[in-house]
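So the protein lines, in turn, are chains W and H.
Going by my numbering, the residue at position 57 of the first sequence is 57; the numbering climbs one at a time, nothing skipped.
Going by my numbering, the residue at position 16 of the second sequence is 130; the numbering climbs one at a time, nothing skipped.
Some clues are possibly wrong.
[Stated by the list, open to error] Calculated Cβ distances over 12 Å to all of chain W for the following chain H residues:
#1 Arg130
#2 Pro135
#3 Thr140
#4 Gln152
#5 Gln159
#6 Asn168
#7 Asp181
#8 Pro190
#9 Thr197
[Claimed, not checked] Dumping the calculated SDA-like pairs for lysine to any residue here, alpha-carbon to alpha-carbon at most 20 Å:
#10 W:Lys41 / H:His154
#11 H:Lys211 / W:His10
#12 W:Lys22 / W:Lys40
#13 H:Lys211 / W:Gly99
#14 W:Lys40 / H:Lys216
#15 W:Lys36 / H:Tyr160
#16 H:Lys216 / W:Asp107
#17 W:Lys36 / H:Pro121
#18 W:Lys40 / H:Gln156
#19 H:Lys211 / W:Glu44
#20 W:Lys41 / H:Val199
#21 W:Lys41 / H:Asn167
#22 H:Lys211 / W:Ser71
#23 W:Lys18 / W:Glu67
#24 H:Lys211 / W:Asn57
#25 W:Lys19 / W:Pro61
#26 W:Lys40 / H:Val213
#27 H:Lys211 / W:Ser112
#28 H:Lys219 / W:Gly99
Hints listed in this document are in silico derivations from the structure and should not be mistaken for laboratory results.
Don't be surprised by glycine CBs; every beta carbon is placed ideally from N, CA and C.
Each chain, letter by letter, is given below.
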Amino acid sequence: ETGVTQTPRHLVMGMTNKKSLKCEQHLGHNAMYWYKQSAKKPLELMFVYSLEERVENNSVPSRFSPECPNSSHLFLHLHTLQPEDSALYLCASSQHTTGYQPQHFGDGTRLSIL
Amino acid sequence: DAKTTQPPSMDCAEGRAANLPCNHSTISGNEYVYWYRQIHSQGPQYIIHGLKNNETNEMASLIITEDRKSSTLILPHATLRDTAVYYCIVRQGGSEKLVFGKGTKLTVNP
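Isolated chain W (complex conformation) (with noise of 0.2 Å):
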């Protein structure tokens, strides 16, 4: 148990469908973070929010939407997805996005596009 939680743990979703990943962090930390890791790749940063502001966006595609309503609760809004954005989708939270704290993962959800 590593105080973040991620749902739902397995999706399959048509290219046309719209979905929303959820991560949740028990740790009352302040900074949360979405990953991607795709097959025989390393993780990818994709977004970094900071006190429900997010601070960074790393060329993502726009047909991934994040949202933070608050330090503890972090989306990822699905729409129009590509077979190639198939991957481990894990999310993170830490105490700040600055300092040497480290990160804590949740266990992904494990997204298949059709």
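Model the placement of chain H on the given structure of chain W, informed by the hints.
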């Protein structure tokens, strides 16, 4: 962030110490060394981090050389559940970026 180099794979016998090396020869003064591991179908798990001094916690020990150009993660008594990919990451203080490489796949054998 400095690049790290790790062996792609290692084997260890159950109950023995697992020593995982990492080279980070271009590390700069304010960069910390972090270790994570990822067990199949799970998210990365934080293990330990350090700057200069050796560190120990309930999971592992981190030995950093005096010149800080390399480090070793030590699992003192490896179990089958320690089979995972281990990532050594160098991260600049004040940066939110964790740059994961390919890591070392550690297999603990019975």
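Outcome of the hint check:
1. Arg130: Holds, because the least Cβ-Cβ distance between Arg130 (chain H) and chain W comes to about 27 Å, which exceeds 12 Å.
2. Pro135: Check passes; 19 Å lies beyond 12 Å.
3. Thr140: holds, 18 Å
4. Gln152: At about 9 Å from chain W, Gln152 (chain H) fails to clear the 12 Å cut-off, so the statement is violated.
5. Gln159: Per Cβ check, Gln159 (chain H) is inside 12 Å of chain W; nearest 7 Å; violated.
6. Asn168: Asn168 (chain H) is indeed farther than 12 Å from all Cβ atoms of chain W, at 16 Å.
7. Asp181: Given that every Cβ of chain W is farther than 12 Å from that of Asp181 (chain H), nearest at about 20 Å, it holds.
8. Pro190: Holds, since 21 Å exceeds 12 Å.
9. Thr197: holds, 17 Å
10. W:Lys41 / H:His154: holds, 14 Å
11. H:Lys211 / W:His10: violated, 26 Å
12. W:Lys22 / W:Lys40: Cα-Cα ~24 Å, so violated.
13. H:Lys211 / W:Gly99: holds, 11 Å
14. W:Lys40 / H:Lys216: At roughly 8 Å apart (the allowed maximum being 20 Å), Lys216 (chain H) and Lys40 (chain W) satisfy the hint.
15. W:Lys36 / H:Tyr160: Measuring from Cα to Cα gives roughly 17 Å; hence the hint holds.
16. H:Lys216 / W:Asp107: Holds, at roughly 19 Å.
17. W:Lys36 / H:Pro121: violated, 24 Å
18. W:Lys40 / H:Gln156: Holds, because 15 Å separates the two Cα atoms, which is no more than 20 Å.
19. H:Lys211 / W:Glu44: holds, 10 Å
20. W:Lys41 / H:Val199: Between Lys41 (chain W) and Val199 (chain H) the Cα gap is close to 13 Å, so the pair holds against 20 Å.
21. W:Lys41 / H:Asn167: violated, 32 Å
22. H:Lys211 / W:Ser71: holds, 19 Å
23. W:Lys18 / W:Glu67: Cα-Cα ~15 Å, so holds.
24. H:Lys211 / W:Asn57: Answer holds: Lys211 (chain H) to Asn57 (chain W) is near 12 Å, not above 20 Å.
25. W:Lys19 / W:Pro61: holds, 16 Å
26. W:Lys40 / H:Val213: Roughly 15 Å between the alpha carbons, so the hint for Lys40 (chain W) and Val213 (chain H) holds.
27. H:Lys211 / W:Ser112: violated, 26 Å
28. H:Lys219 / W:Gly99: violated, 29 Å
The structure does not agree with the numbered hints 4, 5, 11, 12, 17, 21, 27, 28 stated previously, though it agrees with the rest.
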